[in-house]
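Asker: Start from the sequences, fold in the hints, and give me the full structure.
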Amino acid sequence: MKAKIIVTPKKAVLDPQGKTVQNALEQMGHLGIQAVHVGKYLEIELADGDKEAARKQLDEACHRFLSNPVIEDYQLEIES
Amino acid sequence: MNFAILQFPASNCDQDAVHVVRHVLGHSAQMIWHKESSLGEPDAVIVPGGFSYGDYLRTGAIAQFSPVMQALRGYAEAGGLVLGICNGFQILCEAGLLPGALIRNRSLQFRCEQVFLKTISRDSPFTCKVPADKTLKIPVAHGDGCYYADAPTIARMEEKQQILWRYSTEQGEVSGMASPNGSVGNIAGVCNESRNVAGLMPHPERASEAILGSEDGRLLFESMIDWLQRRKPACATP
Chain F
1 MKAKIIVTPK KAVLDPQGKT VQNALEQMGH LGIQAVHVGK YLEIELADGD KEAARKQLDE
61 ACHRFLSNPV IEDYQLEIES
Chain L
1 MNFAILQFPA SNCDQDAVHV VRHVLGHSAQ MIWHKESSLG EPDAVIVPGG FSYGDYLRTG
61 AIAQFSPVMQ ALRGYAEAGG LVLGICNGFQ ILCEAGLLPG ALIRNRSLQF RCEQVFLKTI
121 SRDSPFTCKV PADKTLKIPV AHGDGCYYAD APTIARMEEK QQILWRYSTE QGEVSGMASP
181 NGSVGNIAGV CNESRNVAGL MPHPERASEA ILGSEDGRLL FESMIDWLQR RKPACATP
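So the sequence lines, in the order shown, correspond to chains F and L. Residue 60 in this note's numbering sits at position 60 of the first sequence; the count goes up by one each step and never skips. Residue 152 in this note's numbering sits at position 152 of the second sequence; the count goes up by one each step and never skips.
Not one of these hints is a red herring.
Okay, the calculated bits of chain F under chain L, using three or more residues with CB under 8 Å as the criterion: (1) 11 to 19; (2) 62 to 76.
With a straight-line Cα cutoff of 35 Å, these simulated DSBU-like cross-link-like pairs (lysine-lysine) come out: (3) L:35 to F:51; (4) F:2 to F:40; (5) F:40 to F:56; (6) L:160 to F:10; (7) F:2 to L:35.
If you are wondering where the hints come from, they were derived from the structure by calculation, not from laboratory data. We put the CB at the ideal spot given by N, CA and C, even for glycine.
Answerer: Here it is, written out as structure tokens:
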């Protein structure tokens, strides 16, 4: 199994990286960009087993460690 | 007084803190490696600056799982004094010992310069010796020092006087221009609700001797010592 985790800054939190990337894209001539959000992508390889148990475990890890709920949101997906 | 100074892989202001405690303040300092599961019996703990664990994942995120942090949690919950400086502040926030989080500077630049701080609350073990109306000249050196907490959290902290320092001009005016990092409300340092744990991004240990351009940082350590000395008799067991 494989877990795919995407961590992004919360919308209310300033994202200077996203803003800078947006400015650079506009410099390149890409128009119509409303916002860019720069986050992190983690891929975790898991031994095959109970998918729901893995989700529960990783959900806790995302909440406590892999993301910081003060400033970030996360999405967790588990693939068989 | 006996200060414990924590040392993580890639702490780099630990020796500066030891130097200030021992040679500038004339107290004793003991370095505690992060693998230790006990702090000994210090009067206060300093979590120093640096780039613990290479700032991987998020600044301060990995250090919270070092064995010494379990001991630090117990120490803080029992009312022990803990001061986090720069990366130490980031670690205390990540560990949940202080509210909020520190994110990338708004400018995306690593800022290394003298700044001025206005002390917002002098009612804490970290600020009690700071003269009223004195702005502190203390340097910063960080890339991730922009303090963030959501509006309800900030409102609660303001109500409980947990904001200890804000970036200001030399004259003490709190303006956006005076902030090196874009922190919410120019916040430079905060304390917990019980006021025994504090953190700040500027480096008081780098501003404790005249030869370094400022001695204002010493006021923070002197506040801690004064507070401990005043508290000590009440706490001493017969």
